[in-house]
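Asker: One letter stands for each residue in the lines below.
There are 6 protein chains.
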Amino acid sequence: MKKNKVKELWRQGKPAVMGWCSSGNPYIAEVMAHAGYDALTIDWQHGVGVSQSSVVSCIQAIGNTDVVPLVRVPKNEPDYISYVLDAGAYGVIVPMVNSNEEAAMAGLACRYAPQGNRSIGGSRAALATGMDDYVMHANDEIICLVMIETTKALENVEEIAKAPGIDGLYIGPSDLSLDMGVSLSGWADDERHLAASQRVIEAARSAGVVPCHHGAGPAVSAKLMKMGFMLCQIASDVRTISAGTASGFQAFKEAMKENGVSFR
Amino acid sequence: MKKNKVKELWRQGKPAVMGWCSSGNPYIAEVMAHAGYDALTIDWQHGVGVSQSSVVSCIQAIGNTDVVPLVRVPKNEPDYISYVLDAGAYGVIVPMVNSNEEAAMAGLACRYAPQGNRSIGGSRAALATGMDDYVMHANDEIICLVMIETTKALENVEEIAKAPGIDGLYIGPSDLSLDMGVSLSGWADDERHLAASQRVIEAARSAGVVPCHHGAGPAVSAKLMKMGFMLCQIASDVRTISAGTASGFQAFKEAMKENGVSFR
Amino acid sequence: MKKNKVKELWRQGKPAVMGWCSSGNPYIAEVMAHAGYDALTIDWQHGVGVSQSSVVSCIQAIGNTDVVPLVRVPKNEPDYISYVLDAGAYGVIVPMVNSNEEAAMAGLACRYAPQGNRSIGGSRAALATGMDDYVMHANDEIICLVMIETTKALENVEEIAKAPGIDGLYIGPSDLSLDMGVSLSGWADDERHLAASQRVIEAARSAGVVPCHHGAGPAVSAKLMKMGFMLCQIASDVRTISAGTASGFQAFKEAMKENGVSFR
Amino acid sequence: MKKNKVKELWRQGKPAVMGWCSSGNPYIAEVMAHAGYDALTIDWQHGVGVSQSSVVSCIQAIGNTDVVPLVRVPKNEPDYISYVLDAGAYGVIVPMVNSNEEAAMAGLACRYAPQGNRSIGGSRAALATGMDDYVMHANDEIICLVMIETTKALENVEEIAKAPGIDGLYIGPSDLSLDMGVSLSGWADDERHLAASQRVIEAARSAGVVPCHHGAGPAVSAKLMKMGFMLCQIASDVRTISAGTASGFQAFKEAMKENGVSFR
Amino acid sequence: MKKNKVKELWRQGKPAVMGWCSSGNPYIAEVMAHAGYDALTIDWQHGVGVSQSSVVSCIQAIGNTDVVPLVRVPKNEPDYISYVLDAGAYGVIVPMVNSNEEAAMAGLACRYAPQGNRSIGGSRAALATGMDDYVMHANDEIICLVMIETTKALENVEEIAKAPGIDGLYIGPSDLSLDMGVSLSGWADDERHLAASQRVIEAARSAGVVPCHHGAGPAVSAKLMKMGFMLCQIASDVRTISAGTASGFQAFKEAMKENGVSFR
Amino acid sequence: MKKNKVKELWRQGKPAVMGWCSSGNPYIAEVMAHAGYDALTIDWQHGVGVSQSSVVSCIQAIGNTDVVPLVRVPKNEPDYISYVLDAGAYGVIVPMVNSNEEAAMAGLACRYAPQGNRSIGGSRAALATGMDDYVMHANDEIICLVMIETTKALENVEEIAKAPGIDGLYIGPSDLSLDMGVSLSGWADDERHLAASQRVIEAARSAGVVPCHHGAGPAVSAKLMKMGFMLCQIASDVRTISAGTASGFQAFKEAMKENGVSFR
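Residue numbers (the numbering used here), protein chains in the order written: chain A, 1 to 264; chain B, 1 to 264; chain C, 1 to 264; chain D, 1 to 264; chain E, 1 to 264; chain F, 1 to 264.
Source of the hints: derived by calculation from the structure; they are not laboratory data.
Certain hints may be false.
Said to hold, decoys possible - Dumping the calculated BS3-like pairs for lysine-lysine here, alpha-carbon to alpha-carbon at most 25 Å:
no., chain 1, residue 1, chain 2, residue 2
1, C, Lys2, B, Lys3
2, C, Lys7, D, Lys253
3, D, Lys7, D, Lys253
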């Protein structure tokens, strides 16, 4: 089984960066994978264009590069986790995990017995080296990240971090902000959010797992990494399109004005 | 039948701008349509993610905005033109048109009798106002642009411009450059390309049709419009993703350096 | 955020009618939307042709008209509700809700904090006006209807009606009939069903929510509206095809007979 | 190889009726097939929802009944004909055939050597009985109908009828009317159209092939059959939906009025 | 409603064999169905290529033969069961059932009231004979098999076998082996597995339900049937491709060697 | 641009073997690619499950291995060739090429100017190294094979072999046999076919291109390679399934008999 590059970076104490795919389009996913991220996450929770069949298509597309394919599953549900791992994902991001028990449910779903309860079946990830090899190594290579995105999760974060089978905590700043009453656009500089982030980092370190944070552009992501987070999303397909087309159109209008050509 | 906004702009002597969709993904197309372009072209010729079924899905997605849906067909072939117009496209861009006869084939395929030979059938575009209304107005609202992208086409451009049923000439700079021996990355400033552009503009004006040019970023597009082109593509989905993720990653690395955090 | 036309009708005390899409085919959905209904529901529960990816395709197709897109989710499950609302649905119909707690689970899944626990993410519905605007208004515009379709639900209907986050009760007559021992084809005139309907209307009115009823053709739907129901389904794609082709074939046979032409 | 029921009816001197599928949706196609038609045609020319992959899906769906699957191909092009026959269609309707040569191109594309030039390949239709059996019988069972839908075709109809490999002539009344200057909604009673129909019937009979006519509702179709046409389309999915939902909505409004309930 | 051929075999005391489809590809499913199995199971749990929409496509494809379509659902979840039965499956295989209560949940989800709680809706399976007929017979014809694949399930197997609504027990040897510490490749001859198999057979017989076992090639499946199992899977699409291409390539290399032609 | 492994083998005087994909299913394609072939051809001509969108999906799937993706296009049509090369195919097999002119049309469609007339556009194959690099190398790496499958092609084979832009001749034995009156199942030992094969080999060698032959199982393919063919298909997905399931079922029946268990 091919090694998980993100885990290897972590073993060396190095942070990893990832892209985010909400369109569920394999071609777009492949284009993004060529940006050179360590990982690319297919967002099956909020990615409007993502469905069960596009998950495997996107993983196949990403497999044309050496980027690690991850999937955010729609909810903390073992059969979703089972499916995406069978499809060849090297890890999952599990939303709305609020307790040690919930975290354990996610963590155990990522591991074959005796460590967990992942069901054996024809895995795409096993195609390259065979089922025996895959079953022997998958428990070590698969990443399981649980999302900390409610005040309840924050209160339980030290216990969540100790749940069996998980590799890290992943802060979801939008839902957490909404729940803490923090501004959706201002969390990056909000004291409450910074305190929460610090608490998550410490809980992760104490438990020997990895603190991660959903990003918000290059500058914020870099700042989060300086704080100690070891995985940040630094771009999404849909936002890159939105922002890129808006700024391109603006640049065009300005160039028209500079050229002295009237344009609405 | 709803009016074609691009044609209305042209009637007022105003240029129009458009986006370009190569992914064939309806969600991405809809996101792009919200950028505020006048038109959005689905590229069924070179758009790797585009297929027959995604053409209609993208047109339906674009229909959630007031952007005009256009399609570049795979070749100058009446049945492709028929399909995309039935699907609700308000115009076509037809590649590799090298003579008056070829241009007429495209132009007539866009018009119902007696002007042309478009076959009548259950058009999606007719859903809103009924088939009778659609057949009565479609010949006036549909745009047919033929691509000038070979030296042969350039030689025949004055005759091409007079072909029945066409609304404009659309320069494809990459293929034209390749054919003229002009650098693929330097055509925007190349004398031969500028001369060719000027000839196309004049041929179009003489024939009472509209000169159009495939774009290459905001600055070049603005310059082309200053020259007199009335329609330019100013952004594509795939290039926006490529460029946006690359520059975002670069910005992240610089932010890491500024923060004094080591990163490969 | 665009207003929800169905909610506006209700605010004016007017009933609304809707179509029903079981095929999951965007073209069929768009054709139905042109019939002029106030809303069109995509049935992800029993609609054999509906899947996760067709939900968003159908919503995009319906968006070419001003009909309100609703979705019946497969079960009372927050992640299904989250997905269809992110995809741009303006409301959900939630099957098999039997208690106040279950109704609250549905209702809260439709609302962002502080009213509920809907997770924030890249919503298609936010494309037009931006995420901030969408989050500010979605709680007011989204409709949450819970289905009353068991005797147990009927017993608890007054409590169900008071659940937070719900807008109305929606009777599912087939399952309810099956559970009450009422004939599947005769419920519209059955005393037990009429009594149940009356009870649901009163429970809804007392709680300040809206009584709704799945329809069974124009005449029955009109009768239900006379009783006080404020939303009825009056046609489905699959039944319209079945009934329309059967009656058309019958008419053809009769015309053949009138013409004196033998036909099997 | 299973016999072609439509050909068997013709051998017995009996006419056949067919449905028409423009949505390309397999579930809708299957629902239509249960209406009891002899054949069901998937319209890959003007059917906006039809694409290459939906053709085979619809044929598989229709195969759940004993209805004969036919396909109208996008144009008179051997590779389209080859694909749909490989996919299991029992016949093709070929649009815009204007001469004996064009008709022969269609006819020969439907037959294996030595009668024609259909290329051999893995046919779905051969699954049931094997390739040898299929190749032995396909030339006899496959139906090839060429469309007469221009004045030019009408002038050449006697020669077209004699083309090798074709089984019948199929009048396309909309395009023919447009080309003859006949009203799109009035052709069924127009003298010119009736004369054209008569000429096609006679040309077909003289050449030993079958006269067919696209239908326009039960009454017109029955009248056409009385004239001597042996195959008529009597319903399409999209029109059945349009007409059925419109009349249902109207019936609902009338029922509301009868019930004395105000409704817009 | 068409009879369930597998149930009829069982009523006659005869075992049934089935194929297994992991690709979710309708064409592959149809090819497999022509192998002459009694049933073909679409594996929505571990079949990487299977998704909600491919389930119905595969069932439609299988319907071109008289093979019985079954589906393994992703988990013991009533809405998955409801969907696949609506789509026309004649039975389900339900994974990870560990107690009488869990088995009852699966069993009741397969039956309409009063035997169970399956919700009524537009079933594809009802197309042929109508909803009334389908509802009258479905409870008798649908097969519900629950999987015994943990030591916990084995401990409870006698109680599981008595759960209402189930037709049989289905051993999943891989997960069971993993849980019992038996070798994944050696279970067929392992004493512990044989003892477990015997216990399942006896529990099934005592409760009047049918013992079934996932297969592992022709020889093992035949041995299992000799033991008394009444349904075995004897081939899967993906394994047939893997094994067939490997052995074909090997045969080619040997033929090259015999021919004296060098080949890597 | 990554080197074309098949061309490299040829440069070393070594033959190459390939698999064949008719299902168009990316998962099946990926499974086949793991068999270790040098190339895998997606058959868009006779592959019933293949469509425009599945071509790119299969190429993306194959890209998870180092197998070279080829496509047989539906016909000798530049826009099909353009599409599959843009999608990332490393070569095309072009059916029904009967003259030097037809071969040149195929060959030139595979080459950018000045060698040919392939249109430039956003190529998936260029993702890895950029468009400039791709355009510089594609003409050397792309394989263009034209099919010799009629007696007419055989008569012109020496001229066909000299056409610009082609890399080899590819015998299609089924169509050729049909056209020569040779038995479909007996061509491998037929004198006429052997003579034709010899002529193709010599024509290819004289012109400096590569002789190739569609295979028919390991033994025949090895024999063809001994004759001098440099590329053979040795397995297809659909045939592997058909043959594998049939022989597996037979083995099961025999094992049942050996076990003394009665089975139909």
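Asker: If a hint holds in the structure, say so; if it does not, say that too.
Answerer: Hint check:
Proximity of lysine 2(C) to lysine 3(B) is assessed by CA-CA distance (about 23 Å); at most 25 Å being required, the pair is judged to hold. At roughly 21 Å between alpha-carbon atoms, lysine 7(C) and lysine 253(D) fall within 25 Å of each other, so this suggested pair holds. Between lysine 7(D) and lysine 253(D), the direct Cα distance comes to roughly 46 Å. Violation of the 25 Å bound is thereby established for this hinted pair.
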